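**Student:** Fit chain Z to the given chain Y structure using the hints.
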Amino acid sequence: MDEFDSLTDGVFFVPPSTAGKIAGKSKTKSGKAAQLEHFKLDGFQQLKDVSEPIEAMEIRHALFNREWELMTGRIENVMRNMNTMVLSAIYNFVHNAYSRQYSNAVMPFLELPTGLIFAGINVPDHDLLFQQIAQTISSSTPPSSGPLEADDMEQDHNTTTSARSASHVVILQSKDCTNLKSAQKSMIEQFLGLGIAGATNPLEGGTRLQNYDMLVLERWYQSLCESNDGASEERKQPTLVVILQDFESFDYDTLQDFITICSNYQDRIPFVLLMGLATSIDALHQGLPKAVLSRLQTRKFQMQQSSECLTAIIEDLFIHANVGLMVGSLPLKQLIDQFIHYNFSVGGFISNLKYIVMHHFYANPLSILCDRSLTAQSKALDLLTTGHFDHLRMLPSFQQYVEGKLESDPQEAEMLILDDEFLVQQIPDLVQGLREYHQNFGMIFDFLWFLQTRFSISLLKKPKRALYFMALEGSLINSSHIPFLQSLVRKLDSNNMMIFVEDWLRLFKESPQCVPKQSTALENAMDRELVVVQSIRDRMTALLDNVSEDSVTSSSETEDIGEDIDKSSKTLDGGFVKKRKLVSLNVYAHETDGRQTRIAKKTRETTRIPKGALGAYTLLVKEIDETISRLFRTYLVCHTSMPLNEIYYYSQIAIQQKAFLPQPRASVQTALGQPEVYLNCDCCRPPSGSADQSLADMVLPTQHDTCILYKLYVECGRMINMYDWFTAFGMILERGEQSTGVEEPPAKKRAGAKGSRVGSKARTKENANTNKLDQKDVQARFISGVAELQFMGFIKSTTRKTDHVMRLTWGNI
Amino acid sequence: MATSPRQLLHEAFPGRAKQIDQILGFMGKPWASTPPSLLINGNSSLGKTAVVKATLSAVLGGGSSSSSSSSDSISSQIRSEQHLQDRRRRLPSRYAFLDCVECHTPRLIFEHAIYQFRNPPPSQDKGSKAFSSTHTTTTGTSDNKAAATVSRKRKRVATSPLDWNKCENVNEFVEWCRKICDTKDELDEVHETHDNHRPVSGSISKHQNETRYLVLDRAERLRDTAPTLIPVLMRLQELTGRNICVILITTIVWEKFRSKTGGYEPIVLNFPQYTKSETVAILGRDLPEGEEENMDLYMRFVDLVYDVFQRNCKDLNEIRHLVALLFPLYIKPVKEGKIQKHEGLKLHRHIQAYFVEAMDKLYLREISSTEWSDRTLSVASGSLSGVSGSTIGGGAGGHVSGAPGGDRALTTALDVQNVFDLPYYTKFILIASFLASYNPPRLDMRYFAKVSSTGSKMTKRSKVAAAKKHGHDSMGSKLRQQLLGPKPFPIERMLAIFYSILDEEVEENVNVHTQIASLVSLRMLQRVTPMDKLDSIKCKCNVSYEMIKTLAKSTRFEIDKYLYDFS
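Quick note, the sequences are listed as chains Y and Z, same order. The opening position of the first sequence corresponds to residue 1 in UniProt numbering, with each subsequent residue numbered one higher. The opening position of the second sequence corresponds to residue 1 in UniProt numbering, with each subsequent residue numbered one higher.
Chain Y on its own, in the form it takes in the complex (with noise of 0.2 Å):
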């Protein structure tokens, strides 16, 4: 330990070399060999405390790998799906930018076409996605778009039969760009680098043309032009795509120029710009001259918000996903907050989430059984070891169900806690417990969302994410939202509720959990719910028509609603969401009337209804009423009163939040003022008699000279006065070495810091006979800590007055 007691010196950490020369070379050298496979396996270890076998921990490692494969595939996938739409609109805008302008806008004088793209305000995650834009736009085929926008698809088929000329994209970012001629330097590049083969090189021959001049890309152009013509004669001639990305950071004055020279050379070189807004078009409006803006031919695109990003990786990831680990309320609440509080950042999110991933497969021993196909057959329940099965024991959630059990079958229950054989058969049945609890509560999660999208009263309205993380902290259930949804419910007038149990059929037929079985042995519980639905329905429907056959004739209003049925029955294939939306404008039209219309309402109701359907009619709907909530109590149930969620459900924050939310402040302060915590070491102990002070606010002598002189710099002021400074620091080295006395003065952290010093101690040691400290062995200890000080930029000197230097941190402001 004394060897690397000091903070300043550097330690060198040197990797082996690439795995396949040594592997070639040494292949005798075990102990390489040994090394590499720690390489090999991402530095994931044997945990000591279980003595697990190497094969778990390949098999962790294995699992690390498929899972945050898994993971980012899904998130990559919800990304590229949330930014199609966008994406192929602006490659429409560029593929028609040029062919446009002739038959749409009738301008006096050429416009530069310019797209502005409103991205978003977290800047370091937009280099994805320029670099996605350029893509698609660099292509010659239009952006795959989902089975959503199927006109767009024509329309891109269009674009591509008509013109298939590959568009040429640079990406300028501000940091290339700090004056005209950089940008364009960078510019003419970009685009000669992306030069076709054959075409001329135009800096060949002749003396060179400065590699700023716009008069090299013109020619390269023409070159590429002239190639084209070449190839195939009705080929539109390709345009230039200048990406500028981060508009804000850019230099208004070089922007201003750039964009004129670009739209002089327009007629020359058919320009597109697109432009990154990270906040919105007042930017544009404030960074460029009138005279430049009316140049500009703008068309904006908003990309999608991080925040609905942020809500769809979610759900896709923990709510509908049947991927191994699942993220806990905490540090998903923790994820969430740092999103939403801070940056906005998916980027962020996206590696916090992997950090999660990667520490608990690292960490976690069970982890060899998040693996969601786990069967009885799997080979990761034959290298469990009695330290697995101690750790399977202590589960806060194991032992929650072994007391359940200890009540119906206590016999179960002692094997459970003493059989280590019955607890393996045991695992994969609970495993698939909470597989089936985790699919059906992403469908009767669904159902919350339908029945909350159906009544679109904003008082009500809570983000997925909000409403997922209220399950997972198990407050859903008892929170007043689902009976105020309820409640809703119940209000419903006779035919809208017809739609309303039509439409929650539909819902649970198609989702997946429900599709037909080949036999009932495979039923599961969704199965089960969905008859109770289907019953319902059926009553209903009978009930509904009886009702309407009675008073076909008593009044124009049943009519009215017979109508209203039928109608609803014809739309029911194709208009879903018409009817949805004329729904919730009904029962948005209840909620604003006042309470009188209501009591109007029901009055109207009994009138429609006769009296005796009345009563079956109430009992169904109470039915109805009954079904949701059963459904909502049993399937919402919050996660950990499933045994063994922990093994899939991460739930520790503290090693999160010291990656993420690192606090500078808090650990300077420590390591100054509480050294002992970071050295480990003994000697800084309060002296006997004042046991109850913390040892923070006390300068100890024994402790690091720069901790001294730290803690004597928080009691000054704005100005420090260097000899006052001195001769504190003098004075409690010197009570130091009072109070020691004779006695040798334990190893000083500071020794091993400075080589040079250490004769210098040694003599100090030789003449503490004299209980006298050497002035300048103080005075080199004292300017080599204030040095530090300086170097950590907590002090400066100043030349307001003498002999002082000047406070920089933490003071009165």
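These are computed hints drawn from the structure, not numbers from a lab. Every value quoted in this text rests on a predicted model; they were computed, and no experiment measured them. Honestly, I wouldn't trust all of these hints.
[As the list claims (entries may be wrong)] In the BS3-like style, the derived pairs of lysine-lysine whose C-alpha atoms are separated by at most 30 Å in a straight line are:
no., chain 1, residue 1, chain 2, residue 2
1, Z, Lys427, Y, Lys354
2, Y, Lys290, Z, Lys540
3, Y, Lys801, Z, Lys487
4, Z, Lys533, Y, Lys181
5, Y, Lys658, Y, Lys464
6, Z, Lys335, Z, Lys346
7, Z, Lys540, Y, Lys801
8, Y, Lys796, Z, Lys540
9, Z, Lys276, Z, Lys341
10, Y, Lys461, Z, Lys427
11, Y, Lys290, Z, Lys276
12, Z, Lys540, Z, Lys553
13, Z, Lys553, Y, Lys461
14, Z, Lys549, Y, Lys290
15, Z, Lys166, Y, Lys185
16, Z, Lys341, Y, Lys464
17, Z, Lys538, Y, Lys711
18, Y, Lys462, Z, Lys427
19, Y, Lys658, Y, Lys333
20, Y, Lys461, Y, Lys333
21, Z, Lys533, Y, Lys175
[Claimed, not checked] What follows is a list of derived Cβ distance ranges for each label pair:
no., chain 1, residue 1, chain 2, residue 2, range
22, Z, Thr105, Y, Ser138, 29 to 37 Å
23, Y, Asp127, Z, Leu484, 35 to 43 Å
24, Z, Gln482, Y, Asp127, 46 to 54 Å
25, Y, Thr809, Z, Met531, 16 to 24 Å
26, Z, Met531, Y, Tyr723, 34 to 42 Å
27, Z, Asp532, Y, Thr385, 54 to 62 Å
28, Y, Gly193, Z, Thr261, 42 to 50 Å
29, Y, Ser182, Z, Glu255, 32 to 40 Å
30, Y, Gly387, Z, Asp503, 45 to 53 Å
31, Z, Pro488, Y, Thr809, 33 to 41 Å
32, Z, Arg442, Y, Arg633, 57 to 65 Å
33, Y, Asn81, Z, Gln526, 46 to 54 Å
34, Y, His285, Z, Lys29, 49 to 57 Å
35, Z, Arg442, Y, Thr727, 33 to 41 Å
[As the list claims (entries may be wrong)] Calculated from the model, a selection of chain Z residues having no Cβ within reach of chain Y, i.e. all distances over 12 Å:
no., residue
36, Ile180
37, Gly262
38, Ser277
39, Val308
40, Ala353
The beta carbon of each residue, even a glycine, is placed where N, CA and C say it ideally should be.
**Tutor:** Frame of chain Y; chain Z shown alone:
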């Protein structure tokens, strides 16, 4: 050749006859001595660039593109002269036309000038410098679009340009100018044989060189990029001893060009503002194709637009912009048969609403021309508006429903774009910096100290008293914080305010600081201290009160309670 170039030019540029004559007068005969330098100034979009370019190309040949940038009728006449120009095309140009925005270093100016002098004037199919005339500086007569169509459709002729010549300083440039002026080429012979229509016979030109013209557009840029070059250019004729004339085109007066050391004065030629009749005449040329039978209606409309907008907008191009976008709307009811042509008042009332909208949005470029035409078209076709809205917006903003009224449709789509969200704490950081920027530091204790509950609230009386103490009342005094603009504040002070106005306890972490940095990069905060100074960073808040108000509203923070002397 029934018409001389002069008449053609007069026709092409209404209201510029006097200036054209002046320029032609200065130029004189091709080989006559010219004044060493000319300065042409006038406001933007008064036709300076276009007139000079057209005059030069008409007189000196070449650059037929610039002629064709005149209206179609003129270009067709000029095209009849093409047989002459075809011969001249291969000859070195007599003039060089440079844009000082593009040529932002002396070296670029020199090299481009030499290149243009040594090469044939840019031909039509290659496009030309002539085109670098821009919307802001061209007159109302250029029709770049048509020209661009031609230039793009025509197959590019591969000309082999001469080598690019390196020229790094003024000395070399002067030397080059001499060389250029001294080159004898076949031009003279050409003159002798084919120049029969020109007012001079080519016999004298054997012994004397024609004048070269060096035109520098947007010359005001020279003052920044190459201030020492201006005196040199002023006496380039003297330095080279050759017949060379420098023409500077600028929007500012010569007085601003003068350097301390003095220098030759150019002859100043001012382009005055167009009168109403001239403006209308120019706008009359913009009549959209296929609307010939509605000429009188169009002229009436132009008259109307001029009357409505001239007070706000003198810029000819802006008026052209407006006319081009508004005319289809004006004529729509006529075409649909709803309103008769002669019912001027009805038409006027119909277009009035759009005028207001145009004044707000279009003129300020809050929406661009395509968006405007898309919208107005989609409003016209009714149900289509929703569709176009969703393709533009896409994603979340894509559900912009087409509001029934045309005016509504324009505004709703705009508002969607103007909203952007910030992370929760970032909002507070911004609010805190706004407070730090506008509140005097001495009042921080009163507003933000958490010790006493009364301290955070300031009664009206104490506010007034505080204001009185400093010698001005709360309203209208010139020392009001609001009017003084944002003041720089140290980051520490802002952070202290930030932690004080937040309701919950937030541990300081690194994210707060990254957010400050990202606000700086988004230009919402402005860093006052230089980047290399790491300690005691000072910033200014760069957002408007309105924005802060909306932010505060979204976080339910009562900003007004904390602002000193604000209204």
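**Student:** Please go over all the hints and tell whether each is borne out by the structure.
**Tutor:** Against the structure, the hints come out as follows:
The straight-line distance between the Cα atoms of Lys427/Z and Lys354/Y is roughly 28 Å, inside the 30 Å bound, and the hint therefore holds. Note on Lys290/Y and Lys540/Z: the hinted pairing holds, with a Cα-Cα distance of about 25 Å set against a maximum of 30 Å. Using a Cα cut-off of 30 Å, the hinted pair Lys801/Y and Lys487/Z holds, with the two alpha carbons roughly 27 Å apart. Taking the CA atoms of Lys533/Z and Lys181/Y, the gap is near 27 Å; set against the 30 Å cutoff, the hint holds.
With a C-alpha separation of about 28 Å, the suggested pairing of Lys658/Y with Lys464/Y holds against the 30 Å cut-off. Taking the CA atoms of Lys335/Z and Lys346/Z, the gap is near 14 Å; set against the 30 Å cutoff, the hint holds. For the hint pairing Lys540/Z with Lys801/Y, the CA-to-CA distance comes to about 29 Å; that is within 30 Å, so the pair holds. For a cut-off of 30 Å, the pair hint linking Lys796/Y to Lys540/Z stands: about 24 Å separates their Cα positions.
Taking the CA atoms of Lys276/Z and Lys341/Z, the gap is about 24 Å. The hint holds against a cut of 30 Å. Restraint check for Lys461/Y and Lys427/Z: satisfied, since their Cα atoms lie roughly 23 Å apart, inside the 30 Å limit. Taking the CA atoms of Lys290/Y and Lys276/Z, the gap is about 23 Å. The hint holds against a cut of 30 Å. Using a Cα cut-off of 30 Å, the hinted pair Lys540/Z and Lys553/Z holds, with the two alpha carbons roughly 22 Å apart.
This hinted pair checks out: Lys553/Z and Lys461/Y have alpha carbons roughly 19 Å apart, not beyond 30 Å. With a CA separation close to 27 Å, the supplied pair Lys549/Z and Lys290/Y stays within the 30 Å bound. For the suggested pair Lys166/Z and Lys185/Y, the alpha carbons sit about 18 Å apart, so the restraint of at most 30 Å is met. As the CA atoms of Lys341/Z and Lys464/Y are separated by approximately 58 Å, the hinted pair breaks the 30 Å bound.
For the suggested pair Lys538/Z and Lys711/Y, the alpha carbons sit about 27 Å apart, so the restraint of at most 30 Å is met. Distance restraint check for Lys462/Y and Lys427/Z: the Cα-Cα separation of roughly 22 Å lies within the 30 Å cut-off, and the hinted pair is therefore satisfied. For the hint linking Lys658/Y to Lys333/Y, the alpha-carbon distance of about 15 Å falls within 30 Å, and the restraint holds. Restraint check for Lys461/Y and Lys333/Y: satisfied, since their Cα atoms lie roughly 19 Å apart, inside the 30 Å limit.
Of the pairs offered as hints, the one joining Lys533/Z and Lys175/Y holds, with about 19 Å between alpha carbons and a cut-off of 30 Å not exceeded. Distance hint for Thr105/Z and Ser138/Y: a CB-CB separation of about 32 Å, consistent with the stated range 29 to 37 Å. For the hinted restraint 35 to 43 Å between Asp127/Y and Leu484/Z, the CB-CB distance of approximately 40 Å keeps it satisfied. At about 39 Å, the beta-carbon gap between Gln482/Z and Asp127/Y misses the expected band of 46 to 54 Å.
For the pair Thr809/Y and Met531/Z, the supplied restraint of 16 to 24 Å holds, since their beta-carbon distance comes to about 20 Å. Distance hint check for Met531/Z and Tyr723/Y: the Cβ-Cβ separation is about 35 Å, which falls inside the suggested range of 34 to 42 Å. Taking the beta carbon of each, Asp532/Z and Thr385/Y are about 59 Å apart, inside 54 to 62 Å as hinted. For the pair Gly193/Y and Thr261/Z, the supplied restraint of 42 to 50 Å holds, since their beta-carbon distance comes to about 45 Å.
At roughly 34 Å, the beta-carbon separation of Ser182/Y and Glu255/Z lies within the given 32 to 40 Å, and the hint holds. In this structure, Gly387/Y and Asp503/Z meet the distance hint of 45 to 53 Å, their C-beta atoms being roughly 47 Å apart. Distance hint check for Pro488/Z and Thr809/Y: the Cβ-Cβ separation is about 20 Å, which falls outside the suggested range of 33 to 41 Å. Separation of Arg442/Z from Arg633/Y is about 60 Å and conforms to the stated range, judged on CB atoms against 57 to 65 Å.
Restraint check, Asn81/Y to Gln526/Z: a C-beta distance of roughly 39 Å breaks the suggested window 46 to 54 Å. Take His285/Y and Lys29/Z: their Cβ atoms lie about 50 Å apart, and the range 49 to 57 Å holds. Judged by the Cβ atoms, the range 33 to 41 Å given for Arg442/Z and Thr727/Y holds: they are separated by roughly 35 Å. In this structure Ile180/Z is separated from chain Y by more than 12 Å, as the shortest Cβ-Cβ distance comes to about 17 Å.
No Cβ of chain Y approaches the Cβ of Gly262/Z within 12 Å, the least distance being about 29 Å, so the stated non-interface status holds. Distance check on Ser277/Z: its Cβ is at least 19 Å (rounded) from any Cβ of chain Y, clearing the 12 Å threshold; non-interface status holds. Even its closest Cβ contact with chain Y, about 18 Å, leaves Val308/Z beyond 12 Å, as expected for a residue assigned away from the interface. Once the 12 Å rule is applied to beta carbons, Ala353/Z is consistent with being away from chain Y; the minimum gap is 21 Å.
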